[in-house]
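**Student:** Take a look at the letters that make up each chain.
Number of protein chains: 2
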Amino acid sequence: MSELPLAAIERIIRKGSGLRVSDDAAKELAQYLEDDGVRISQQAALFSKHAGRKTVNIDDIKLVLKNK
Amino acid sequence: MSELPLAAIERIIRKGSGLRVSDDAAKELAQYLEDDGVRISQQAALFSKHAGRKTVNIDDIKLVLKNK
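As you go down the protein sequences, you meet chains A and B in turn. No gaps in the numbering here: position 43 of the first sequence is 43 in the numbering used here, and each next residue is one more. No gaps in the numbering here: position 44 of the second sequence is 44 in the numbering used here, and each next residue is one more.
The hints are all genuine.
A pair holds if it fits inside one copy or across any two, identical chains being indistinguishable in the list.
Computed list of lysine-lysine pairs in DSS-like fashion (alpha-carbon distance at most 25 Å, straight line):
id: 1; residue 1: LYS27; residue 2: LYS49
id: 2; residue 1: LYS27; residue 2: LYS15
id: 3; residue 1: LYS68; residue 2: LYS54
id: 4; residue 1: LYS15; residue 2: LYS54
The hints are simulated quantities; they were obtained by calculation from the structure and are not laboratory data.
Assemble the whole structure, with the sequences as input and the hints as a guide.
**Tutor:** Right under this line is the structure:
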């Protein structure tokens, strides 16, 4: 956990809500977005390997998001 | 856009995939996660206001994620 900086997450919440943001709200959203990013990347890796690559590229990510 | 640092997103993709990551893959995932964060925050703001608050708190975020 804790890859995403809370200051950035707070800006995202302020942008979306137009309101102030509590610290624990930012932490909760950061954790969710990071976990979701890991899940997406796990699926993307299956597509990378299926295509015979050792690098995750944009098409792998797009393919996961298309089916989300 | 561009709130989330690409270095952090690359670490998340490496964590999830165990593979290398192209720059455009990281940018694609960063954009998705940021857009999703904004959407979640828009919904959370409705719950904050419904509860008579001017601050988004952790319960607002949890309520959005529960119904996602």
